[in-house]
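> The listed protein sequences derive, respectively, from chains A and B. Quick note: the first sequence uses the numbering used here, first residue 296, plus one each step. Quick note: the second sequence uses the numbering used here, first residue 490, plus one each step.
One thing to keep in mind: the hints can contain errors.
Label-pair restraints from in silico Cβ distances [as the list claims (entries may be wrong)]:
#1 S477/A / G710/B: 56 to 62 Å
#2 T475/A / G710/B: 57 to 63 Å
#3 S538/B / N549/A: 55 to 61 Å
#4 T483/A / K735/B: 51 to 57 Å
#5 T489/A / A773/B: 25 to 31 Å
#6 P772/B / E484/A: 28 to 34 Å
#7 P772/B / V335/A: 31 to 37 Å
#8 E669/B / E552/A: 57 to 63 Å
With a straight-line cut-off of 25 Å between C-alpha atoms, the simulated DMTMM-like cross-links for lysine to aspartate or glutamate are [stated by the list, open to error]:
#9 K805/B / E824/B
#10 K510/A / E493/A
#11 K567/B / E493/A
#12 K500/A / E790/B
#13 K781/B / E558/A
#14 K566/B / E513/A
Because the hints were derived from the structure by calculation, they are not lab data. No experiment lies behind these values; they were computed from the predicted model shown. Glycine included, C-beta positions come from ideal geometry on N, C-alpha and C.
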Amino acid sequence: MAVDQDWTNVWPAAATFKPSVVPLPVRQGYIKNKSENDGVPPVKHGNAELMKIPNFFHLTPAHIKKQCAAIKKFCTKWPENLSEELCDKLFPVEIATSNYLRSGSSLRDFKARVVTLKVKLSVLDLDDHGRDKMKRLLKRRYDEKTDTITFVAHRCPLRKQNYDYAMYLLTAAYFESCKTESWESDKTEEDMETYLWEKTRARKKLLQLLDRIRKTSEDPPSYLRNMPEELPEESIAELECVQDYKKAMTEMHNSQESLNSIERYKESVKRILGLESTEDEKKESRVC
Amino acid sequence: MVESQPKHTAGNFRTDKDNPADHTEKDKGLFYTIPHKIVDDILKEGLHSMYKQQIKAFTETCVMVREPALEIMSCLKKANYSLPPVKYLIYGENGSGKTMTLAHVLHYCAVEKWMLVHVPWPAFWNLFTTEMSASVWKPGRVDFPLAADSWLKHFRQQNRALLEQLQLKTSQKYVWTKRESLQPGEPLTEVIEHGISRNKFSSDCVGVVLKEIRQQAATKGFKAVMVVDGINAFWGPTRVRLIPKKYLHVGNISLVHNFKKMLQPDWTNGAIVASVDQMAHPPAQRKNYTPKYLLGKWGFETFDPFVPVFVDKYSKKEINRCIDYYIDRKWIQTENGQTLEGRKELIFLSNMNPFQLYQACASW
Chain A
296 MAVDQDWTNV WPAAATFKPS VVPLPVRQGY IKNKSENDGV PPVKHGNAEL MKIPNFFHLT
356 PAHIKKQCAA IKKFCTKWPE NLSEELCDKL FPVEIATSNY LRSGSSLRDF KARVVTLKVK
416 LSVLDLDDHG RDKMKRLLKR RYDEKTDTIT FVAHRCPLRK QNYDYAMYLL TAAYFESCKT
476 ESWESDKTEE DMETYLWEKT RARKKLLQLL DRIRKTSEDP PSYLRNMPEE LPEESIAELE
536 CVQDYKKAMT EMHNSQESLN SIERYKESVK RILGLESTED EKKESRVC
Chain B
490 MVESQPKHTA GNFRTDKDNP ADHTEKDKGL FYTIPHKIVD DILKEGLHSM YKQQIKAFTE
550 TCVMVREPAL EIMSCLKKAN YSLPPVKYLI YGENGSGKTM TLAHVLHYCA VEKWMLVHVP
610 WPAFWNLFTT EMSASVWKPG RVDFPLAADS WLKHFRQQNR ALLEQLQLKT SQKYVWTKRE
670 SLQPGEPLTE VIEHGISRNK FSSDCVGVVL KEIRQQAATK GFKAVMVVDG INAFWGPTRV
730 RLIPKKYLHV GNISLVHNFK KMLQPDWTNG AIVASVDQMA HPPAQRKNYT PKYLLGKWGF
790 ETFDPFVPVF VDKYSKKEIN RCIDYYIDRK WIQTENGQTL EGRKELIFLS NMNPFQLYQA
850 CASW
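Work the whole structure out from these sequences, hints included.
Below, the structure written as structure tokens:
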């Protein structure tokens, strides 16, 4: 093929791979060991694998350009001030449907009934509980990264029915997440979606430990020694180093565990147990 | 073809301070020698097999003084021992030096005459135990007689001198069977001997020994340290099959249960130095090396609060010292290995990982 020839004319429509027409030295095929075909994948001539797989030589950028140029005269101009953000604000719900033209005894394709509904969770008016319940109800239909809910409706035979069904799903999920059922109060620590230190067993354990130290140890750390005897166990939670520990634990559990969050946890534990490095020790470690 | 490349003159890579209690920040990156007797009596069980081969090849046991060990030792020196034991957790990538840090700390505790409760690799119990029996003490639990027996022997070997010196006595009556029992005031070594001679009760004897240590550490004036390599095995999966397709739950192993009791804050005058190791988990659960992931929810809740200590890969200074040491010990034998270019290539191949460096140097 000449280098300046127009590829869109050489390959105008979808066709099986023709080795003599495609000017690329492609190879395709799995070689188990070096004895087969000298250890290299087979060439394109008479290559059944290349013929079996679909190719997109009919949809190169040059083709797309030509096709767009042909369709352009039927299009109207995009509204001038309609930006992406305005689109998201004015048209929050996105409905996607596909139209098919079949060449067979009937023009109709059953795949045309599929309706995809996409909407962002942030658009819906929900409080914290509602948002968490929505995520639990939707499971895989909710995408954390893009904050998008996707409903794919294909169980009804007609497109209109599937559209109505998708809208019904959205409505039902929304109103269910607004409600709070009585059994939701049975939520245990294992079911919690975020780490709330106030509700964990770890908090109780730490307070018990510090209370025990305060009452039984001969030489408790200074912050416990300065506490009056009569104060209950709960008041230990108000202390500054315990609050620091709470922050470090919450950070470590709620975000991905990283070396930095572990270091902060370490500093807070050292402070609680009276092991913090003095200024001299810090200077020494910096010198060496 | 390398022709007369400049040779790197080795700097000083050894420190003459052989007592870990004397090690300071100035000794960072330098190697200190451990006498053979201490290695054989105390440290051998806890060392990797490849390192033991290295000891044989180099005819000496040298450990590099590094930041994590120094940090733990300084905390051990200044900790308040009237409080429940502080838990230190060593974590790091594979091959970064966690076991060596534990060996350094264990040596320090041995020199300072602490009671050593050393569990070299509990994951071994989870994965490879075949001999087990139903627990005599608690129905539903499973004993590992041979594992407990070998641990008692290991404990006796490590603490021989200290046990002779302290002459610890039992504080209460222990009944093994209708005819066998131990009165209070009997020597603790009797319990150890009983566990070794009668394997049926070895797991329970381990429990008794640990209980007595916890109770008497404060009153008898000795400090006890529990050193565990791969403590995440205490809360991990097992491969011990009870019936087809059902594996024993690690909470039902009496040996593990007894060691976990040491983690409770009901005793004083002690410390716990442990490491979490990816290798203690099956291959599917080794995605990360951080404490929370390896301990799991149950393990983290039980072990918290602890001081995590990070063991990083070698720094530039440390890796150069290590290569100097290998050249001195003739581990790096080729001419190319001793040049600057060879050194750069070794550093690149190993990616500053201590174990990878050892393996990369093997063919140089």
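> For this structure, which hints from the list above don't hold up?
Hints 3, 4, 8, 11 are the ones this structure does not satisfy, whereas the remaining hints hold.
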